[in-house]
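Protein chains: 2
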Amino acid sequence: MAPPTPTRQRKRGHDPESVLAIAVGVFNERGYDGTSMEDLARALGVTKSAIYYHVPGKEQLLARALDRALDGLFAVVADERAASGPAIDRLEWTVRQSVRILVDRLPYVTLLLRVRGNSGTEQAALERRREFDKFISLLVKEAAAEGSIRPDVDPALVTRLLFGTVNSITEWYQPARGASADDLADALLKMTFSGLRV
Amino acid sequence: MAPPTPTRQRKRGHDPESVLAIAVGVFNERGYDGTSMEDLARALGVTKSAIYYHVPGKEQLLARALDRALDGLFAVVADERAASGPAIDRLEWTVRQSVRILVDRLPYVTLLLRVRGNSGTEQAALERRREFDKFISLLVKEAAAEGSIRPDVDPALVTRLLFGTVNSITEWYQPARGASADDLADALLKMTFSGLRV
DNA sequence: GTGTTTACCGAACATTCGGTCAGTTGACAA
DNA sequence: TTGTCAACTGACCGAATGTTCGGTAAACAC
Chain A
1 MAPPTPTRQR
11 KRGHDPESVL
21 AIAVGVFNER
31 GYDGTSMEDL
41 ARALGVTKSA
51 IYYHVPGKEQ
61 LLARALDRAL
71 DGLFAVVADE
81 RAASGPAIDR
91 LEWTVRQSVR
101 ILVDRLPYVT
111 LLLRVRGNSG
121 TEQAALERRR
131 EFDKFISLLV
141 KEAAAEGSIR
151 PDVDPALVTR
161 LLFGTVNSIT
171 EWYQPARGAS
181 ADDLADALLK
191 MTFSGLRV
Chain B
1001 MAPPTPTRQR
1011 KRGHDPESVL
1021 AIAVGVFNER
1031 GYDGTSMEDL
1041 ARALGVTKSA
1051 IYYHVPGKEQ
1061 LLARALDRAL
1071 DGLFAVVADE
1081 RAASGPAIDR
1091 LEWTVRQSVR
1101 ILVDRLPYVT
1111 LLLRVRGNSG
1121 TEQAALERRR
1131 EFDKFISLLV
1141 KEAAAEGSIR
1151 PDVDPALVTR
1161 LLFGTVNSIT
1171 EWYQPARGAS
1181 ADDLADALLK
1191 MTFSGLRV
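Chain order of the listed sequences is A and B.
Heads up: the first sequence begins at 1 in the working numbering, then just goes up one per residue.
Heads up: the second sequence begins at 1001 in the working numbering, then just goes up one per residue.
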């Protein structure tokens, strides 16, 4: 068996994982298209060419980041708790878990939500994201059919507004100074499910 | 020779306004940084260099678009109806008007909400936007102080969630197929003020 | 008809882009 | 001491970028 943890001192420098983490940070600051490999190199403290020792290229960096976000979201909808019980409860659970993924993988999901389909990589990500949205849309429709959601608003609109609210978290949430994922989900569910007005 | 168009064309070609409108459309499709002047030229049906006859450059195009969005939003908070009466009513009115601006100037606001501060132009826009956010934040705080908003959620969080929902409209709203601005505002206010749950 | 203006084209500009490659460094094994 | 090799540098490439400029066809003014 391979030794679980090599206790030897590792050589200094980066690996594909640390390159990805730092790159995604810069992508989110400047936007993917607004980020040059020079920008990444500066953030990593190495030369441009050193990046290609760890990673095949810029677009691969994007692809890996997007997969990390999408894998998290699909793990939510694949869970059994999103598939059994009253639709309104499944919806609430799914919203709560989505918020958790959003917070846990904040930079990756942030990047995902800004993708516009400029390349094959981006289009593939958009396609997977649409699949996720379809699942949510179905959940809301079921909750409406069960009579658990106010009938005077179109379920399709509810879906967009509800997950618009969830996704907007990436625009302002700061993990250091902010609330926890559960605090966030609590506040969001109180507002959207019960309403702000006393 | 093909017969020339019998109608006397008063003015053929583009002007700064039509260039801006089309450019903003492309910016929103591909992202500002992802859009080249070639892309714009293709969308306009002219050569790259022709654009510079109507407009000083790419960044000026962005600046004009962002101003159009920000001017609309500031017109809302400058209105007297956002300054007098119970805070909860002023908040509701402001949300409704913001949705209206968002729909009326959809492409411009969409562009604004994606700005990351990569240039002086973008930083100036972000600064103005922060000023707008400050006004909203104050409104929510007043409504909370008046006891019109549920006390178990931090007003700062409410501000972000509420306008996160409003701003998310730019991510999915399609004026052709969708509801009107008032329909949107109705649905949004029902969800956030009264809650989805029956 | 003549001159002016409007709206554009095509060719070039300097710069930046993502990416390649031969070579260098320094820690470690033998 | 020598050799290995992961990790990196620096010089470079062709393509693409935003922008400039000299020229020009057509519409308009006289």
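Keep in mind the hints are simulated off the structure, nothing from the lab.
Every residue, glycine too, gets a C-beta built ideally from N, C-alpha and C.
Treat the hints with caution; some may be incorrect.
[Said to hold, decoys possible] Sample of chain B residues with no beta-carbon within 12 Å of chain A, all distances over it, derived:
#1 G1013
#2 D1015
#3 G1034
#4 T1035
#5 R1042
#6 L1044
#7 G1057
#8 D1067
#9 V1077
#10 A1078
#11 D1079
#12 F1135
#13 V1140
#14 G1164
#15 L1196
[As the list claims (entries may be wrong)] Chain A regions said to be covered by chain B (calculated; three or more residues, Cβ under 8 Å):
#16 22-31
#17 95-103
#18 147-154
**Asked** Among the hints numbered above, which are violated by the structure, and what are their numbers in rising order?
**Response** When the structure is compared with the hints, numbers 3, 4, 13, 14, 15, 17 turn out to be violated.
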